[in-house]
Amino acid sequence: MSTPLLQVENLKKYFEVPAGYLHAVDDVSFSIECGETLGVVGESGCGKSTLGRVVLHLLDNTDGKIIFDGEDITKVSAAKQKELSGRMQIIFQDPFSSLDPRMTVYQTISEAMQIAGKLSRNEIKNRVFELMDIVGLARRFVNTYPHELDGGRRQRIGIARALSIRPDFIVCDEPVSALDVSIQAQILNLLIDIQAETGIAYIFITHDLSVVKHISNHIIVMYLGQVLEKVASEELFINPIHPYTKALLGAVPVPIVNYNKERILLKGEISSPVNPKPGCRFAPRCDFAKDQCFAEEPEFREILPDHLVKCHFAEQFVT
Amino acid sequence: MSENILSVKNLTVKYKSREIGTCNAVNDVSFDVAKGETVGLVGETGAGKTTIALSIMRLLQSPPASIESGEILLDGEDILKMPDAHMRKIRGDKISMIFQDPMSALNPIDKVGDQISEMVKLHLNLNNAESAGKAAEMLEMVGIPAARFGDYPHQFSGGMKQRVVIAIALACRPELLLADEPTTALDVTIQAQVLNMMKNLKTELGTSMVLITHDLGVVAETCDRVAVVYAGEIVEIGTADVVFEKRSHPYTTGLFNSLPDITGGRKRLQPILGLMPDPTALPKGCKFSPRCRLCDESCTREPIALRLESGTHFVRCLKMKGI
Numbered sequence: 001m002s003t004p005l006l007q008v009e010n011l012k013k014y015f016e017v018p019a020g021y022l023h024a025v026d027d028v029s030f031s032i033e034c035g036e037t038l039g040v041v042g043e044s045g046c047g048k049s050t051l052g053r054v055v056l057h058l059l060d061n062t063d064g065k066i067i068f069d070g071e072d073i074t075k076v077s078a079a080k081q082k083e084l085s086g087r088m089q090i091i092f093q094d095p096f097s098s099l100d101p102r103m104t105v106y107q108t109i110s111e112a113m114q115i116a117g118k119l120s121r122n123e124i125k126n127r128v129f130e131l132m133d134i135v136g137l138a139r140r141f142v143n144t145y146p147h148e149l150d151g152g153r154r155q156r157i158g159i160a161r162a163l164s165i166r167p168d169f170i171v172c173d174e175p176v177s178a179l180d181v182s183i184q185a186q187i188l189n190l191l192i193d194i195q196a197e198t199g200i201a202y203i204f205i206t207h208d209l210s211v212v213k214h215i216s217n218h219i220i221v222m223y224l225g226q227v228l229e230k231v232a233s234e235e236l237f238i239n240p241i242h243p244y245t246k247a248l249l250g251a252v253p254v255p256i257v258n259y260n261k262e263r264i265l266l267k268g269e270i271s272s273p274v275n276p277k278p279g280c281r282f283a284p285r286c287d288f289a290k291d292q293c294f295a296e297e298p299e300f301r302e303i304l305p306d307h308l309v310k311c312h313f314a315e316q317f318v319t
Numbered sequence: 001m002s003e004n005i006l007s008v009k010n011l012t013v014k015y016k017s018r019e020i021g022t023c024n025a026v027n028d029v030s031f032d033v034a035k036g037e038t039v040g041l042v043g044e045t046g047a048g049k050t051t052i053a054l055s056i057m058r059l060l061q062s063p064p065a066s067i068e069s070g071e072i073l074l075d076g077e078d079i080l081k082m083p084d085a086h087m088r089k090i091r092g093d094k095i096s097m098i099f100q101d102p103m104s105a106l107n108p109i110d111k112v113g114d115q116i117s118e119m120v121k122l123h124l125n126l127n128n129a130e131s132a133g134k135a136a137e138m139l140e141m142v143g144i145p146a147a148r149f150g151d152y153p154h155q156f157s158g159g160m161k162q163r164v165v166i167a168i169a170l171a172c173r174p175e176l177l178l179a180d181e182p183t184t185a186l187d188v189t190i191q192a193q194v195l196n197m198m199k200n201l202k203t204e205l206g207t208s209m210v211l212i213t214h215d216l217g218v219v220a221e222t223c224d225r226v227a228v229v230y231a232g233e234i235v236e237i238g239t240a241d242v243v244f245e246k247r248s249h250p251y252t253t254g255l256f257n258s259l260p261d262i263t264g265g266r267k268r269l270q271p272i273l274g275l276m277p278d279p280t281a282l283p284k285g286c287k288f289s290p291r292c293r294l295c296d297e298s299c300t301r302e303p304i305a306l307r308l309e310s311g312t313h314f315v316r317c318l319k320m321k322g323i
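Protein chains in written order, with this note's numbering: chain D, 1 to 319; chain A, 1 to 323.
No wet-lab data here; the hints were simulated from the structure. For clarity, every value in this text was computed on a predicted model and none was experimentally measured. Check the hints yourself; a few may be wrong.
SDA-like, lysine to any residue: derived pairs with alpha carbons at most 25 Å apart [unchecked claim]:
hint, chain 1, residue 1, chain 2, residue 2
1, D, 267, A, 181
2, A, 267, D, 267
3, D, 267, A, 199
4, A, 267, D, 190
5, A, 267, D, 217
6, A, 202, D, 250
7, A, 202, A, 215
8, A, 35, D, 257
9, D, 267, A, 205
10, A, 267, D, 136
11, D, 261, A, 256
12, D, 246, A, 158
13, A, 319, A, 281
14, D, 267, A, 202
15, D, 267, A, 195
16, D, 261, A, 215
17, D, 261, A, 204
18, A, 202, D, 257
19, A, 202, D, 210
20, A, 246, D, 210
21, D, 246, A, 259
22, D, 261, A, 259
23, A, 199, D, 285
24, D, 246, A, 260
25, A, 199, D, 257
Using the sequences plus the hints, can you model the full thing?
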């Protein structure tokens, strides 16, 4: 039995706002093995980016545990924290604002290695060129600044920077959302190749269901800070159970003319995550909601083997 | 042909600046929109889609933009030759535009109801009470309670704001609606609501539409015909079902092969190699040739013409399947 690389237990992150507490991440649990990708999917405001940042401990958690390689990182010393940060990295969504405009490609990619202080100047230089080769960035760009490069190339810099100190695990926060499809495909292939070679684990955060299906082993579907469904990637698309997941899948426009599919149009919009009401958070928009859904919060239960759903009536929705 | 509400003929638009030189944004683009029809313009960032729409609205800032040649016929009348005063009358009345970003399309310090009223007051010669009534009616039509007439844009979510923008655009019952990425900023479930609403309103009002998007899924759901735009040119145009099935132009094929498949199993993606050409220095022959797997010497010699493949399906390629 191998222990998972990362284990998150009952993780909570509340923000204090004038009206009370904003439940950004509310009781989320999952684990990731080496070489695996966990897809986190949900719409704006569901807490997926906050989850990524809390897992990396860029934000303090309110409650819960983050066990990385057998150690709870929420409780370790600052020195240990710094050491751990070298093993966990992040790739940001926006390749424009996530790079320092006054740093060259070389400075950006080498910065983390210089801070880590384990490599000589020459080794760092070789590693920068090696990384540029890995991410497919021509060496002639080594002294250019971000504004001279297009979005796809900038995102490659972000990936090279994340890989530079050989992390075990990377949070990819919407890494391809700002890119055109042809460039998006190049970057997705790159991330998949890097994983196959290095055995790195990813948390892949996105709102794009076809992308998350393509890259993930397991997927969690988030809504208002909570996980509503968790299952293996292919299974989610063949057999979604939660009414929200079904609506989400049905809403994706498929590039096939006259494609016949079941579409549940959701009514209304996401409700406020500030002081959420008791009961199921999706109930106000759910066509199948009954009194019980507004009164008590459903448990996150295993409905089918390795298929967890947070819904009182999940059994009814199994097809 | 009188049944076309819009005919764009040989439109060429350039942006000129001293620093960058001449940027060839739109190159000899021609397409028609029949009455009641929805035509999609699909392509990636920088393909020239928005420039085409802004030319039709006559909203291009000149300089730096300049329309070098071409005609844009709206109901047989050339928009490019209209006096400004006449154009102001038509804009918002006969043709309307929905912009991508609902946050910046609305005035943040004006009540949404007033922003709709302003439009009808101007074009339909109504008094204050009448235009307010009309605005309330429009709000209800896009699914917003009329009671929210006095709310400001910041009190609405992204999806609701886009509904307000749509209400403004449709308030005067335009004959032609230009929608520039109307749902790109929205979440999928909200996108589904808005697309559904737009489709219903279109049928109800008989509006013709030009839909600009980069999302092939949105095209499949909403468009009768589609034009694939690359480097300022239409590289393939035809009915949506034929274009999506045949994917004759190598660029169209490349776009589809870049998309992760949500309906089937997992395959390795086949991205298009390289990047879009620099619009200040476009290749002489086929604009796609530097990235094309089928390209040979004959593709780079001279500009390629759109050729008829079958029926109403045109493709700009020497190497396409079947030739």
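Hints, verified against the model:
no., hint, result
1, D:267 to A:181, "holds (22 Å)"
2, A:267 to D:267, "violated (34 Å)"
3, D:267 to A:199, "holds (17 Å)"
4, A:267 to D:190, "holds (14 Å)"
5, A:267 to D:217, "holds (14 Å)"
6, A:202 to D:250, "holds (22 Å)"
7, A:202 to A:215, "holds (20 Å)"
8, A:35 to D:257, "holds (21 Å)"
9, D:267 to A:205, "holds (24 Å)"
10, A:267 to D:136, "holds (21 Å)"
11, D:261 to A:256, "holds (20 Å)"
12, D:246 to A:158, "holds (22 Å)"
13, A:319 to A:281, "holds (23 Å)"
14, D:267 to A:202, "holds (21 Å)"
15, D:267 to A:195, "holds (14 Å)"
16, D:261 to A:215, "holds (18 Å)"
17, D:261 to A:204, "holds (24 Å)"
18, A:202 to D:257, "holds (19 Å)"
19, A:202 to D:210, "violated (29 Å)"
20, A:246 to D:210, "holds (22 Å)"
21, D:246 to A:259, "holds (21 Å)"
22, D:261 to A:259, "holds (19 Å)"
23, A:199 to D:285, "holds (22 Å)"
24, D:246 to A:260, "holds (19 Å)"
25, A:199 to D:257, "holds (15 Å)"
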